[in-house]
Structure formats: structure tokens, C-alpha cells
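J.: Each chain, written out:
There are 2 protein chains.
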Amino acid sequence: MAEGRVTVIDIARAAGVSKSTVSLVLQGSSSVKEETRNRINAAIRDLGYVYNRGAATLRQTGSRSKIIGVIVNDLTNSFFAELAVGIDMVVQSAGYVQFLSSCAENPDRQQELIGSMREHGISGLIICPARGTQASDFKALESSGIPVVVAVRNLPGTKASTLMSANAVGTRAATQHLLSLGHRRIAFLGGFSDMAVFDERTGGYRDALREAGIQVDDELVINAPSSRAGGVEAIGRALAVAERPTAAVCLNDAVAFGVCDGLRARRLEPGADFAVVGFDDVIEAKTAVPALTTVSVDPQGMGRRAATLLLKQINSNSSEGEAVTTAVRLVVRESSGKAINVRQEMA
Amino acid sequence: MAEGRVTVIDIARAAGVSKSTVSLVLQGSSSVKEETRNRINAAIRDLGYVYNRGAATLRQTGSRSKIIGVIVNDLTNSFFAELAVGIDMVVQSAGYVQFLSSCAENPDRQQELIGSMREHGISGLIICPARGTQASDFKALESSGIPVVVAVRNLPGTKASTLMSANAVGTRAATQHLLSLGHRRIAFLGGFSDMAVFDERTGGYRDALREAGIQVDDELVINAPSSRAGGVEAIGRALAVAERPTAAVCLNDAVAFGVCDGLRARRLEPGADFAVVGFDDVIEAKTAVPALTTVSVDPQGMGRRAATLLLKQINSNSSEGEAVTTAVRLVVRESSGKAINVRQEMA
Numbered sequence: 001m002a003e004g005r006v007t008v009i010d011i012a013r014a015a016g017v018s019k020s021t022v023s024l025v026l027q028g029s030s031s032v033k034e035e036t037r038n039r040i041n042a043a044i045r046d047l048g049y050v051y052n053r054g055a056a057t058l059r060q061t062g063s064r065s066k067i068i069g070v071i072v073n074d075l076t077n078s079f080f081a082e083l084a085v086g087i088d089m090v091v092q093s094a095g096y097v098q099f100l101s102s103c104a105e106n107p108d109r110q111q112e113l114i115g116s117m118r119e120h121g122i123s124g125l126i127i128c129p130a131r132g133t134q135a136s137d138f139k140a141l142e143s144s145g146i147p148v149v150v151a152v153r154n155l156p157g158t159k160a161s162t163l164m165s166a167n168a169v170g171t172r173a174a175t176q177h178l179l180s181l182g183h184r185r186i187a188f189l190g191g192f193s194d195m196a197v198f199d200e201r202t203g204g205y206r207d208a209l210r211e212a213g214i215q216v217d218d219e220l221v222i223n224a225p226s227s228r229a230g231g232v233e234a235i236g237r238a239l240a241v242a243e244r245p246t247a248a249v250c251l252n253d254a255v256a257f258g259v260c261d262g263l264r265a266r267r268l269e270p271g272a273d274f275a276v277v278g279f280d281d282v283i284e285a286k287t288a289v290p291a292l293t294t295v296s297v298d299p300q301g302m303g304r305r306a307a308t309l310l311l312k313q314i315n316s317n318s319s320e321g322e323a324v325t326t327a328v329r330l331v332v333r334e335s336s337g338k339a340i341n342v343r344q345e346m347a
Numbered sequence: 001m002a003e004g005r006v007t008v009i010d011i012a013r014a015a016g017v018s019k020s021t022v023s024l025v026l027q028g029s030s031s032v033k034e035e036t037r038n039r040i041n042a043a044i045r046d047l048g049y050v051y052n053r054g055a056a057t058l059r060q061t062g063s064r065s066k067i068i069g070v071i072v073n074d075l076t077n078s079f080f081a082e083l084a085v086g087i088d089m090v091v092q093s094a095g096y097v098q099f100l101s102s103c104a105e106n107p108d109r110q111q112e113l114i115g116s117m118r119e120h121g122i123s124g125l126i127i128c129p130a131r132g133t134q135a136s137d138f139k140a141l142e143s144s145g146i147p148v149v150v151a152v153r154n155l156p157g158t159k160a161s162t163l164m165s166a167n168a169v170g171t172r173a174a175t176q177h178l179l180s181l182g183h184r185r186i187a188f189l190g191g192f193s194d195m196a197v198f199d200e201r202t203g204g205y206r207d208a209l210r211e212a213g214i215q216v217d218d219e220l221v222i223n224a225p226s227s228r229a230g231g232v233e234a235i236g237r238a239l240a241v242a243e244r245p246t247a248a249v250c251l252n253d254a255v256a257f258g259v260c261d262g263l264r265a266r267r268l269e270p271g272a273d274f275a276v277v278g279f280d281d282v283i284e285a286k287t288a289v290p291a292l293t294t295v296s297v298d299p300q301g302m303g304r305r306a307a308t309l310l311l312k313q314i315n316s317n318s319s320e321g322e323a324v325t326t327a328v329r330l331v332v333r334e335s336s337g338k339a340i341n342v343r344q345e346m347a
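Each protein sequence line maps, in turn, to chains A and B.
Per UniProt numbering, the first sequence runs over residues 1 to 347.
Per UniProt numbering, the second sequence runs over residues 1 to 347.
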């Protein structure tokens, strides 16, 4: 058989089935028995057949081929890796593949990736916007009719669907936990005010302090990249404040791990000498030493929900956005330490 | 201007340049001044122009558009995340974008991803083959003329370019290091014999033991998934062996971190009660507690080299494969501990 000229009939012959059974499998139908499907898939592989999904989908629905584009900010932050794993679970069983790209917090690169994904006919896009992204940056994308889910980071004014965790609820609980342990000088570390998620997460932190009758000290809200390196930088600056904090709520777990690194580099033990709380509950949060107290958002679960939300939009052919907020819960482990005695500071 | 009907002329007008200058920028030419290029790119973004690269490239060269496909096995293993970051650096500056997918060690999913990437006109593919992949699985891909770089994991018999680290050299050095500390019962943890990288890495381990006059005990070579969870599983089985090992060389850093978790769960301190050596030198290896002794392969550097190798093939229009082996070096940190006294075992 000549390369590139393998037809459905060749596949059917090799697998010993009818042409229509092969077509069903190619269309991702679940009505074909698994054993038969495996035999057909083996024949497809052996013969090097490439199903022109784009053309087939076009014939069927006048629509696009089966790719879900995903754009995140930092591949080395395991939150995004786990989010992608969750997305994969759902899109795979729906017969899609995920093409993942990172914009590394660069809005220009983000636009380039969106453009490239549009050119290559994605069916939908899940995006965690880069710092400094404006809702207007997605206008062309939205008016092209490609379903979009903005995940993790809010984008005020967007018409796309959004999937956020209850950010303020989470940091409020984290701050209340530190207050209940006796801390009064509590820092907020990481993030920048051009990220909507920063506003939401510092909002919960400020609320909890105010409710406890403590004035927010803006010196203790320290901007830094939302990465491990950002955490190292932030704790360095926090410890240089004249009246030092004794605890910190961090923008995310990556920052919290960096804070722990930075504390150790100064011979301070996280959990014993300084209380640290993260946000996300990535896989390593549980196994880290000390295990990280954090606000759990279930990153894989968020990925699954983002994918489900997107597929729903694709299948309903609707571009109407939905706003979904997922629940969070505080998971208390070792990094926030035991109750401390800082009553003298309150005198 | 009507959406989707923005032309090069509109861009030229908005940016105050000629139509041919816009074309040069769209084609990625470096002959346009940066300031002008930035102004044109801003106009492209503002107007929502999508350059049909596929069509333009087709007109120019009869060839493909500008995507590099990358397929890895496990997004939550930061080795692959760092590899992707390295690839991004190089492909970005060459005017490509990276579409990353994970096959989660599933050869069927891998074939589906390859098929989908072919359909969508990738310019080239960098792939870390899933467990159980045969060179024949890539035959159709290779004969389609798309340049392929097989990275990290070898695929005996492939005609594609390969980029491997000096696996046996690395594990030989790791094993010699443990021998020099006095260890005699040294386990090899993680991986399966249907991964070529497993053969190479256990090869170096076996060589070092033999050279030291120690017979390899196959009970101490323990198969497990090449993940953190696999490491927890493997150390559990290693510690159940009648004559317990006192040290382990691990397939990779992910396994080594799992081994540390598993030791702690049994109240053994890695580095003090049991020596652990990893392979990769991912970012966390340095900051982990204890810091991980490991064979450094410079994952980002490997990503950059894989991308450079692929771009060279794309630009030369050659499908001739090259085999590149990258150097490794042992980085001694805390997890391998101090010299121990196990001389009684040698009596």
C-alpha cells in the first residue's frame, strides 16, 4: 500500500470488519466493542493511516477539528501541570487532544500563541491569562466564535466563561487560622496588583485582619513573582521590615515553597520559627518537609471542571459565558506550626 | 473595520509603515528595526489580525506552518516541564510555537497525539517515547518526512535523530560514589525493562558493582513506575528484602523524591539512615531537604539542544538522523549522606 494513500477500506480489510465499523471508530463512537476497536486501532497504526479529522468534522458539522488549546503561565509550577492532567482526563475521553503552551507571563507571547492556535483550528481554548492581560486582548478571539474558558485567574470584563476558586474565602480562612495561633504580624507574600487573583486573595487576607481588629500594614504586603524564586525574594524583604512578621499567607504554593527555602537559608525553620500558609495544595504540599498548610483548590479537579465547561460550550455551539466558582478548604499541616505566645506585641 | 477582514494594508496604515514592512515582520524577518516591529505587532494585536501562516508558508515554500510538537510522558515530573521550558527558549526565538502534549506512558494515546499533530501540520516533533514504544511505531511518521527528534529515552532502531544523556556513565558514577562511602548493598529503584533508558541506567550500576568485585543481586533491582509514587512503592519493597540495602541509585529524581517520602513514612531519615541518589537534577533537587545527590543532565539545556537539533533538520530539509549524547556529572549533596561503617558485611 502506498504511503499516504491508505483508505478506510484498507483498514477494514486488515481488521476484518466492515467499512462502516471503521468509520464509527474513527468518529470516536463508543458503540463498537472494545476488542474490535483495539483491532481497528492496531490496523490504523500499522498501515499509517491518518484520519483527516478536520475534513471529516467539516463534512459532519461544518465545524472544526478536535484540539483543545491550553495556555498557562509557568510549566514548572506543578499547579499548572496538575491542571493540565485534569484537563487531559476529560478531553481524552471526549475524543479530543490537548495542546498545551506556556506564555511565561508574557502577554505578547500569549497573543502569538492564541493566534497560532486559531490558525490551526482549535475547537476551544482554556487560558490562565498572563499578568497585565486586559479583557480587550481577547476580543478578537471571542468574536471569532471559538469557545473560551478563562481559568484560575479572573479577567474582569471578559465575556468568556470563567472558572475561579473562591480566592477571598480561602485567604480569609488562612489568615484566621494564623490569627487563632496567636500571630498578629502576618505578611501577604507574592503576586502583583495587575493580576486579578492578587486582588481577590489579598482581599480575603485584609478582611480577616480587619475583622480581628488589626490594621493592615501595607509594608507587609510584598509584591514578587508568583514562583518559587519569587517566594525567596519576598521573604527576604519581609524579614527586613523593622517590625518583623511572624507568619505569612502566600499567593500560591510555589511562593510558599520559596518562602520555606528563604527561611532555611537564614537558619529559620518554617513551622517552628515562622508560620507559612500556601494556596493550591499541589502534590508536593503533602510530602514536603514540613508538610505545607495550604488552601486546597484541587488543581486536577479544576482542570476537569474547566474541560467540562469548555466541552459543554463546544457541544451546545454556544458562546454564552458562564461564571463558575469552585469551593476551597484550608488544609492544616505542619508549616503553620503551633500556637505561639506573642501577647506582648498586643500590649 | 469588520472583524476577520483586517488586511495587511489596515495594519500598515495603523502602524504608519509600508505594506512591505508589515509583510517582512509577518514573515519573521529580523531586518526591521525593533521599535518598528513592536509598533506593527501592536497594530496586529489591536486590530485582531490573524496571519494565515499555513497559507503564507505554502505560497513561499510549499511547506508547513510554524508549530513544533512535543510529546512527553508525565507533566507532573518537573524534568519534562524544564525540558519544555528549554525547548520554548529556542523555538520562540526562531519564530515557532511549541504545542506540548502528554501521553501519560500510553502508546495508544501517543499514536493518537502523533496523528493529530500530523493532521495539524507540525513542522517537527520532539518526543520522549512512552514505555513499550517500538521503532516501527514511528515508521509512518518518519516516512511522512516530518523531522523527528527522539529525546531522553532511546528507541533502538529508529531513523530519527536522538538526544540522550550519557545514562550509563551517570549511574556508574552514582554507584561508585555510594561504594566510596562504604555501601555494599546498593539497590536500583524504578523503571521497567521495556524502557531503553532503564537498560542503560542499570547497565552503569551493574558495571560499577562488578568493577568493585560485588555480585549484582537481582533482588535489589526493583521495577516501579518512574514517578514519585513509584519511588514510594519501590523503597517499600527494597526494605522488605531479607538482607536490606543501605543505599539506592534511582531511575530519576521523581523516583528519588518518592524514596525519601517512603523512608520518612518508616521513620528513616534519607541521608542519615539510608543513602539516596537521583538522576536529572531538577530544580527542586537543590532546595529539597535533604538536598538531593543526583546525576545532573541539565534538563533545560537538553530541551535547548533538542530544539536546536530539530530546527537544524527543519531548515536543512533533511530527514537524516543524528545521534547526540550529552554529558552528565554527579552532583553530591546531602541525600547520599556521609561515609558509613559497613565493613562487617565484607568479612
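Fair warning: there could be bad hints in the mix.
As the list claims (entries may be wrong) - Taking lysine-lysine and the DSS-like style, the derived pairs with C-alpha atoms no more than 27 Å apart in a straight line are: (1) A:K286 x B:K33; (2) A:K139 x B:K139; (3) A:K286 x A:K338; (4) B:K19 x B:K33; (5) A:K312 x A:K159; (6) B:K286 x B:K159; (7) B:K139 x A:K19.
Said to hold, decoys possible - What the simulated footprint calls covered on chain B by chain A, stretch by stretch (three residues with Cβ under 8 Å from a Cβ of chain A suffice, anywhere in the stretch; the number is not a length): (8) 31-37; (9) 114-123; (10) 283-295; (11) 303-312; (12) 321-333.
Everything labelled a hint here was simulated from the structure, so no lab data went into it.
The structure presented is a predicted model; accordingly, all values stated were derived computationally and were not measured.
Yeah, the Cβ is synthetic: ideal placement off N, Cα and C, and Gly gets one too.
J.: Among all the numbered hints in the text so far, which are the ones the structure does not match?
T.: Violated hints: 1, 2, 6, 8, 11 and 12; rest satisfied.
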